[in-house]
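Protein chains in written order, with the working numbering: chain Z, 1 to 322; chain G, 323 to 575.
To be clear, the hints were calculated from the coordinates, so they are not data collected in a lab. In this text, all values refer to a predicted model and were calculated from it rather than measured experimentally. Positions of the beta carbon are idealized from the N, C-alpha and C atoms, including for glycine. The reader is advised that the hints may include incorrect statements.
[To be verified] To give an idea of the interface, some chain G residues facing chain Z are shown, with a C-beta separation under 10 Å as derived from the structure:
no., residue
1, P345
2, V347
3, L348
4, Q370
5, G391
6, S394
7, G476
8, T526
9, G532
10, A535
[What the hints assert, rightly or not] Below, a sample of chain Z positions facing chain G; criterion: calculated Cβ distance under 10 Å:
no., residue
11, H39
12, E150
13, R234
14, R240
[Stated by the list, open to error] Here are the simulated distance ranges between beta carbons:
no., chain 1, residue 1, chain 2, residue 2, range
15, Z, G94, G, T400, 55 to 61 Å
16, G, R484, Z, S247, 51 to 57 Å
17, G, D496, Z, D317, 54 to 60 Å
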Amino acid sequence: MADVTVIGAGVAGLWAAWACAQAGLTPRLLDRTGPPGPHGCSWWAGGMLAPFCEGAVAEPAIVTHGQTAATAWAEVTEVTHRGSLVVALERDRGELDRFARRTEGHETLTNTVQDLEPDLPGPRSALHFPAESHLDPRRALADLVAALAERGVAIERTSATPQDIAGPVIDARGLAAALPGLRAVRGEMLVLRAPDIHLTRPIRLLHPRHPLYIVPRADSVYMLGATQIESADRRGVSARAILELLSAAYALDPRFAEAEVLETGADLRPAFADNVPRVIRRGRVLHLNGLFRHGYLMAPALAQQAVACLTTGQKGDLVHED
Amino acid sequence: MRSFYGVTLSSPLMLGTAQYPSPAVLQEAFRASGASVATVSLRREGGQGQAFWDIIRALGVHILPNTAGCHSAREAITTAQMARELFETNWIKLEVIGHADTLQPDPFGLLEATEALAADGFEVFPYTTEDQVLAARLLEAGAQVLMPWGAPIGSGLGLNNRYGLRTLRAAFPDVPMVIDAGLGLPSHAAEALELGFDAVLLNTAVAQAGDPAAMARAFGLAAQAGALARAADPMAPRDMAQPSTPVIGKAWL
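Make the full structure from the sequences, and use the hints.
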């Protein structure tokens with residue numbers, strides 16, 4: 001007999017189930033499509049665990065809780081602790097200074113960028129965030145699924161909603177939960193293979209119009225992301241997004257022009273008005289939602305708070321009563 | 323204040339709604355600034371921006387949809403028609419971009435679209451340069467408001483061509499005009515109002531400030547200060563120093 005039922009096997013639901021299991025509860029895990037895949041927005045994430053960089057625009061809660069993500073993830077999957085770099089084209093040097101003023105946890109590199117990333121051609125100066133990390137999101141999801149399976153938790157394929165289920169429920173269905181105040185923010189990304197390029201940590205290019213991040217994965221694969229459009233449009237990647245992402249990547253390193261395009265992806269991020277995720281308690285149902293662009297960064301902390309709320313009634317800063 | 327197609331605004335500040343860290347911060351910026359108009363784009367949202375547009379509607383200010391991102395008259399006209407349906411307003415801020423890097427308006431496309439939209443019942447706010455000849459043509463084509471640029475969009479340079487803007491203002495004393503684009507600091511907004519413009523429209527300077535709400539408030543106050551100063555008939559600059567306290571009778575020798 002399960003103690004709690006988790007609905008939704010994206011990054012939030014998997015973490016919720018995992019945190020339950022860690023706390024000694026027996027969770028059931030349901031998803032209408034089954035195991036994680038291209039149907040969920042977690043599939044299309046970048047996998048940066050970059051709380052300090054996100055702090056340039058995100059609320060302080062993201063910076064605080066995000067700092068626990070790398071350690072939490074390292075218990076279930078491989079996390080690369082190599083920090084991250086923030087660069088700007090020479091013309092946009094002012095953007096780098098501004099980013100530095102608005103973030104913590106960085107050091108300024110002047111003429112030493114290539115000591116860290118010898119293969120990065122352009123920028124002479126950069127911000128280095130040594131305490132940041134990254135992971136491969138699809139591998140991380142698979143590792144979480146496997147870790148849960150080891151504890152006897154399998155993903156049951158069913159389109160049940162919280163109303164269909166008795167007892168405590170954690171609803172982590174993302175946009176499908178259709179909560180009041182939850183909106184979709186469209187994101188578009190590309191996956192390239194560039195055997196000529198050898199980058200070892202995420203790189204953010206600050207650009208007044210087309211900001212870009214590049215996250216290295218195994219086998220010379222790079223994820224390029226991501227647009228952020230206030231839209232629930234579910235169509236595939238737009239030509240404009242591809243053009244912008246590739247132009248920015250090309251400006252950073254012209255060798256990207258020779259890369260093989262492996263994949264394009266577009267999906268919708270669920271977000272609340274402040275772009276901070278929430279646990280919303282409504283009687284026996286806890287809604288975990290609104291992870292916006294911080295799914296991998298915030299899922300561990302959000303799941304912890306949900307489980308604490310469930311077991312001890314403790315109300316963390318991400319918990320809201322409805 | 324001159325009215326905009328019959329609407330008198332409660333504040334000379336208009337704000338864009340793009341690039342904020344979150345909708346919550348956007349709402350805060352509007353509250354703090356007292357802005358009377360919100361511009362909103364719909365080109366990139368593919369008609370699926372409902373949730374965000376609801377947030378904009380809930381601000382309780384006048385909505386001025388724009389055709390940002392359009393590079394031809396035809397695109398701009400289609401976008402304007404979509405905007406009219408979505409927001410149930412005849413107001414349209416008409417942007418026809420002529421150059422991808424400077425984002426400067428295409429005067430020919432702008433004129434063509436202004437003519438077509440005005441004939442179709444739209445109340446057009448054309449985003450234009452400070453060119454006087456073009457201004458006259460836009461007014462002939464049916465625009466009753468002009469939105470000359472301060473500087474290229476997003477540049478934060480302020481009023482790039484004070485001479486041109488001053489002459490434009492003087493040439494059409496009855497036409498309501500909004501300085502749109504290129505403002506970076508509240509002092510730029512104050513200056514625009516001091517020059518006799520009726521309002522300012524900006525986005526980046528607020529949305530990308532470290533504290534958007536505080537910056538929005540600063541712009542709101544500065545625009546008001548500029549409007550007050552203009553109405554108070556400012557002194558003309560002089561070469562001759564004139565002490566505000568007479569020195570005669572004092573031991574100044």
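Verification of the supplied hints:
1. P345: Holds, because the Cβ-Cβ distance from P345(G) to chain Z comes to roughly 5 Å (cut-off 10 Å).
2. V347: Because about 8 Å separates V347(G) from the closest Cβ in chain Z, which is inside the 10 Å limit, the hint holds.
3. L348: With a closest approach of 9 Å, the L348(G) hint holds.
4. Q370: With Cβ-Cβ at 4 Å, under 10 Å, it holds.
5. G391: holds (9 Å)
6. S394: violated (15 Å)
7. G476: holds (6 Å)
8. T526: At about 8 Å, which falls below the 10 Å cut-off, the nearest Cβ of chain Z leaves the hint on T526(G) intact, so it holds.
9. G532: holds (6 Å)
10. A535: The hint is violated - A535(G) has no Cβ within 10 Å of chain Z, the shortest such distance being about 13 Å.
11. H39: violated (18 Å)
12. E150: violated (38 Å)
13. R234: The hint holds - R234(Z) has a Cβ within 10 Å of chain G, the shortest such distance being about 8 Å.
14. R240: Holds, because the Cβ-Cβ distance from R240(Z) to chain G comes to roughly 8 Å (cut-off 10 Å).
15. G94(Z) / T400(G): 55 to 61 Å: violated (36 Å)
16. R484(G) / S247(Z): 51 to 57 Å: violated (35 Å)
17. D496(G) / D317(Z): 54 to 60 Å: Because 55 Å falls inside the window, the suggested range holds.
Figure legend: structure checked against the earlier numbered hints; hints not met, in rising order: 6, 10, 11, 12, 15 and 16.
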